[in-house]
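Protein chains in written order, with my numbering: chain A, 1 to 107; chain B, 1 to 303.
Misleading hints may appear alongside valid ones.
Said to hold, decoys possible - Take a look, some chain A residues computed to stay more than 12 Å from chain B by CB distance: (1) Ile18; (2) Gly62; (3) Gly66; (4) Ser70; (5) Gln71; (6) Leu74; (7) Cys86; (8) Leu101.
As the list claims (entries may be wrong) - Simulated restraints, written as ranges between beta carbons of each label pair: (9) A:Lys63 - B:Gly248: 51 to 59 Å; (10) A:Gly77 - B:Gly133: 20 to 28 Å; (11) A:Ala25 - B:Val77: 21 to 29 Å.
What the hints assert, rightly or not - Listing some non-contacts, in silico: residues in chain A with all C-beta distances to chain B over 12 Å: (12) Phe72; (13) Asp95; (14) Phe97.
In case anyone wonders, no lab produced these hints; they're calculated from the structure. All C-beta atoms, glycine included, are put in the ideal place defined by N, C-alpha and C.
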Amino acid sequence: MRSEAKPTERGSSKLFAIETHDHEALAKAVGLARGDYEVKWWWKYGTPAFIDLMRLTIEVEGKQLGNTLSQFMLQNGRETQVTAECFPYGIVQPDRFRVELNIQSRV
Amino acid sequence: VVAIEHLLAEVVHEGFNAIAMSGGEPLMYQPLPRLLESARALGLFTSVTTNGLLLDARRLAALAPHLSLLAVSVDGVPESHDRLRGLPRAFEKMHGKLGNVREAGIPFGIIFTLTLNNLHELAWVAEFAATEGAHLLQVHPLEQVGRAREYELLPPDDLELSYAFVEVARLQERHRHRLTIQFDAADRALVEREPYRAFAIPTPEPEAIAGLPLASLVSPLVLQDDGWIVPIQHGFAPRYAVGRLGHGSFRTQAARWRRELYAEFLKLSRCVWGEIRDAPEHLPFTNWYAAVTTRSMHDSTAL
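Work out the full structure: start from the sequences and follow the hints.
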């Protein structure tokens, strides 16, 4: 395997009809791309630059359940999706709830 | 593993909040579940980078409770992946295991190592990642360690990184609702505008940093297989090392680094920042990690 010749051509040369010395055309392409994408930060291999999913488990009293859920659900929006599952303690008459929250980035 | 667990407790005290385990192949490291469990118990975000060949249900069940993100390396289309891995059917074997990851409910991402020669395969990898249900596609410039040296792969130069940025933007637009693509190159404009991101700040008075956690001064740290704990990236000159595993408490070593080497590290970072600022305008992206690591070695050998 290691004796195979490595490719010598730039990967980009198979994608872009820009000569490598055409700095102006490349700058224009980068400028246009900046409208769609921004490097806010750069990060290390294996480490995301953001955390896109949080899992949270809390316990609340029954009378606080509605208010607690409402507060988390207010975080739902264009950038964040919040879902929750509730598990009651104290059947037949639940007095406490375990709430499992998933807070997912939509970005 | 006990020594690493002690180290983890100390780095948490110094403000670090994530641990990323990568190659060799972390899944061959038997105490991995225990280590991840310890890390999670300390509140750390945990990620593991793997070639995907060992992702069987038994291993994943042991890892799942303690793993925040699994990163699977995909080096290109199947033929390229197999060639670079030096293993026939490596892609097919890895692909066959991804179902186990989904069943285990572990969030996962795909890591594509960008070389000078493989940008044209990124679109295929992005489609693969989206189809397989990956949360993240990380496009990471090749580092000249491990396999890269062994296979004589070439890292992307700054010109290729510019083209890669254009391609990443195009693919992010295409996969807008399915996948987040992360491009691990530094934007020169951002670095010039906000030098602190590249640690290019004036050296503060010692009393100004006395109470600050180490993570606010330098991050990330890398624990190398030789025990050195170096700033920024594998291969950073040991002269700048924060400490060494098994050579006393990390907190003591970190305090010494803060006193004796932090100023040197900042001086190095300012030097690299100057080079980035003065680079030609038509090359707006660079591999800052490689630049600062290479400079650390040059400065080191010059002494």
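To see whether the hints hold, each was checked on the structure:
1. Ile18: The claim is violated: Ile18 of chain A sits with its nearest Cβ about 8 Å from chain B, within 12 Å.
2. Gly62: holds (28 Å)
3. Gly66: holds (28 Å)
4. Ser70: holds (27 Å)
5. Gln71: Per Cβ check, Gln71 of chain A is outside 12 Å of chain B; nearest 23 Å; holds.
6. Leu74: holds (23 Å)
7. Cys86: At about 19 Å from chain B, Cys86 of chain A clears the 12 Å cut-off, so the statement holds.
8. Leu101: holds (15 Å)
9. A:Lys63 - B:Gly248: 51 to 59 Å: holds (53 Å)
10. A:Gly77 - B:Gly133: 20 to 28 Å: holds (23 Å)
11. A:Ala25 - B:Val77: 21 to 29 Å: Cβ of Ala25 of chain A to Cβ of Val77 of chain B: about 28 Å, so the range 21 to 29 Å holds.
12. Phe72: Given that every Cβ of chain B is farther than 12 Å from that of Phe72 of chain A, nearest at about 20 Å, it holds.
13. Asp95: Asp95 of chain A clear of chain B: closest Cβ-Cβ about 28 Å, beyond 12 Å.
14. Phe97: holds (22 Å)
Going down the numbered hints, you'll see the structure goes against just number 1.
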